[in-house]
Amino acid sequence: MPVFTGPSVLAVTLLMAFPVAYTLYMSAHSWFASSLTSPQFVGLGNFRRAFVEDDRFRNALWLTVYFTGLATLLQLMLGVAIALVLNRPFRGKGLVRSIFLLPMVATPVAIALVWMMMYNPTLGVMNYLVGLVGLGPYKWVSNAAVVVPALVIVDTWEWTPLITLITLAGLATLPIEPYESALIDGASSAQMFWRITLPLLRPTIIVALLFRAIDCLKTFDIIYVMTQGGPGFASETLNVYTFQVGLFYFHIGYASSLLVILFALVLGVSLLLIKVRRGAW
Amino acid sequence: MISVSKGRRDRVNPWTYMLLVLLLVPFLFPLGWMFLSSLKTQVQNTAFPPVWVFVPTLSNYREVFQKNPFFTFTVNSLVVALGSTGLALLLGLPGAYAIARFRRTGIALGILTARMAPGIGYLIPWFILFTKAKMIDTYTALILTHLIVALPLVLWVMMGFFEDVPGDLIESARIDGCTHWQAFLRIAIPLAKPGIVATGILAFIFSWNNFLFSLIVAGFKTRTLPIAVYSFLSYEEINWGGLTAAATVITLPVLLLALLVQKHIVRGLTLGALKG
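Sequences listed follow chains A and B, in order. In terms of my numbering, the first sequence opens at residue 1 and continues consecutively. In terms of my numbering, the second sequence opens at residue 282 and continues consecutively.
These aren't lab readings, by the way, just hints derived from the structure by calculation. It is possible that some hints are incorrect.
[Said to hold, decoys possible] SDA-like, lysine to any residue: derived pairs with alpha carbons at most 25 Å apart:
{"#": "1", "chain 1": "B", "residue 1": "544", "chain 2": "B", "residue 2": "389"}
{"#": "2", "chain 1": "B", "residue 1": "415", "chain 2": "A", "residue 2": "37"}
{"#": "3", "chain 1": "A", "residue 1": "275", "chain 2": "A", "residue 2": "22"}
{"#": "4", "chain 1": "B", "residue 1": "413", "chain 2": "A", "residue 2": "29"}
{"#": "5", "chain 1": "B", "residue 1": "544", "chain 2": "B", "residue 2": "413"}
{"#": "6", "chain 1": "B", "residue 1": "415", "chain 2": "A", "residue 2": "78"}
{"#": "7", "chain 1": "B", "residue 1": "413", "chain 2": "A", "residue 2": "24"}
[What the hints assert, rightly or not] Here are the in silico distance ranges between beta carbons for each label pair:
{"#": "8", "chain 1": "B", "residue 1": "313", "chain 2": "A", "residue 2": "21", "range": "42 to 50 Å"}
{"#": "9", "chain 1": "B", "residue 1": "394", "chain 2": "A", "residue 2": "44", "range": "33 to 41 Å"}
{"#": "10", "chain 1": "A", "residue 1": "53", "chain 2": "B", "residue 2": "387", "range": "38 to 46 Å"}
Note that CB positions come from ideal geometry on N, CA and C, so glycine has one too.
Sequences and hints are given; from them, build the entire structure.
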């Protein structure tokens, strides 16, 4: 049906295939976005430079893995736990679900701004709140040692609801028979959770994990607005570093090879998780 | 614990409500704090310990609209969001229908991969092209870059909705002499209408919230709301009341829109991986 698919395939190709081809081409070149000199072919030189010479790249790579690992793990545990609570019978389910949607759709710049205010080292409400339980005060995003966990908290606030809602959808489709026979056999609710619910939910949870891991690897808005990769380079993830290299220093060739690496990372996670998911079935 | 809740729906454990409140408060707090701060004076916003009870003032909102061309930013955001959403629906609906109806899984996988690629990968080439074509700071360039997000979203999410349209209905329309186009326009589109509305709203929200693309492609003339708020941040003395008022003005429409399509939002946010 060329009449149907034609326009959209053409648009997707123009919008997306051109940049992909351009990025692949540029990743083998050195070019400073200047009209005076044309791109110089360097082969795999950009990749060699990244892995062998560029400390800032290695730092960014590590921070990306650290941020993604911490955020996905935290969101997964919290998200599933909250879903189990929301799955209990209570009145006002619709309202509660609506409230959980809000962090995901709120404008990221606005979210980043509010958290910056809350994280303010001297006047912020976060230090007041943790002070109530005898913790802190922390410098949050201004301290190199805690900036990544502080950003993970923001991402977790924003995206745990996604895991919760996906898990809730999964819980709604669980068959009732295994629980009935477990009840007859005298199983405790903890046993039922670990032996029945969790294994049955595994495919759902892995889908949720896949989505979060991929998006965490690419997190940009909140990090850029709140820290711009700082203090120093303490929160400069691969995406933020690539942005600086490409659109601040205009090293287009090098930025393109960093993008290839980031995309390989994203693709790797997707393939890995798809494989795990297939194994689970 | 699951089976008990499934078996006896009528019995509500009072502890559940306690737990719910404990869970909901942290998720509501930042948005609530944003709204509260927007109603405070600068003195109240910089007080420590924080002020919880105060006489609300609307002066921050007045100031935001008076001191800044906030109306222009809003118009810019609206033009770009409506433009990219409209274009994405126009291009994407027939495509999604064809993919669903004629099982073009190859195309579908390509779209998913395109969605997974980092946004900056699209931004840099387009930025260079737009710079050469002197198109930076134009609505056209902004709408095109926002389409990079909106089109795959429409294609992927609508694919699922069109799959739900009973094939028998389309078949019988075809037997009655409808062309593919007529079957699409007269049967598939009306039946998928709730999905189209939800997808359109989602595409609008993504464009309205977009930071990365607008940061680079928008200029003084086409500056959208998120970029405007971001630029307020760089002032030397941060006026928290004004900033949170601006943040509230940006976020409120999106929150209201999201509540309208909440049933379909998870499906949209996961690009249709889950129906429900």
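| said: Just to be careful, I want the Cα atoms of residue 413 of chain B and residue 29 of chain A compared with a cutoff of 25 Å; is the pair within it? | reply: holds, 19 Å
| Given the proposed pairing of residue 544 of chain B with residue 413 of chain B, does the C-alpha separation stay at or below 25 Å? | violated, 43 Å
| query | Is 42 to 50 Å right for how far apart the beta carbons of residue 313 of chain B and residue 21 of chain A are? | reply | Taking Cβ atoms as reference, residue 313 of chain B and residue 21 of chain A lie about 47 Å apart, which means the hint holds.
| If you check the beta carbons of residue 394 of chain B and residue 44 of chain A, does the distance land in 33 to 41 Å? | violated, 23 Å
| query | Are the Cα atoms of residue 544 of chain B and residue 389 of chain B separated by 25 Å or less? | reply | Distance ~23 Å between residue 544 of chain B and residue 389 of chain B Cα, so the pair holds.
| said: So if I understand the rule, the pair passes when the alpha-carbon distance is 25 Å or less; does residue 415 of chain B with residue 78 of chain A pass? | reply: It is violated: about 48 Å lies between the C-alpha atoms, which goes past 25 Å.
| field | Assessment of proposed distance window 38 to 46 Å (beta carbons of residue 53 of chain A, residue 387 of chain B) | value | holds, 40 Å
| field | Pair hint residue 413 of chain B and residue 24 of chain A, alpha-carbon separation not exceeding 25 Å | value | Status holds; Cα separation ~20 Å.
| said: For residue 415 of chain B and residue 37 of chain A, compute the direct alpha-carbon distance and say whether it is at most 25 Å. | reply: holds, 20 Å
| task | Given the hint that residue 275 of chain A pairs with residue 22 of chain A, test it: the Cα-Cα distance must not exceed 25 Å. | result | violated, 30 Å
The structure shown violates the earlier hints numbered 3, 5, 6, 9.
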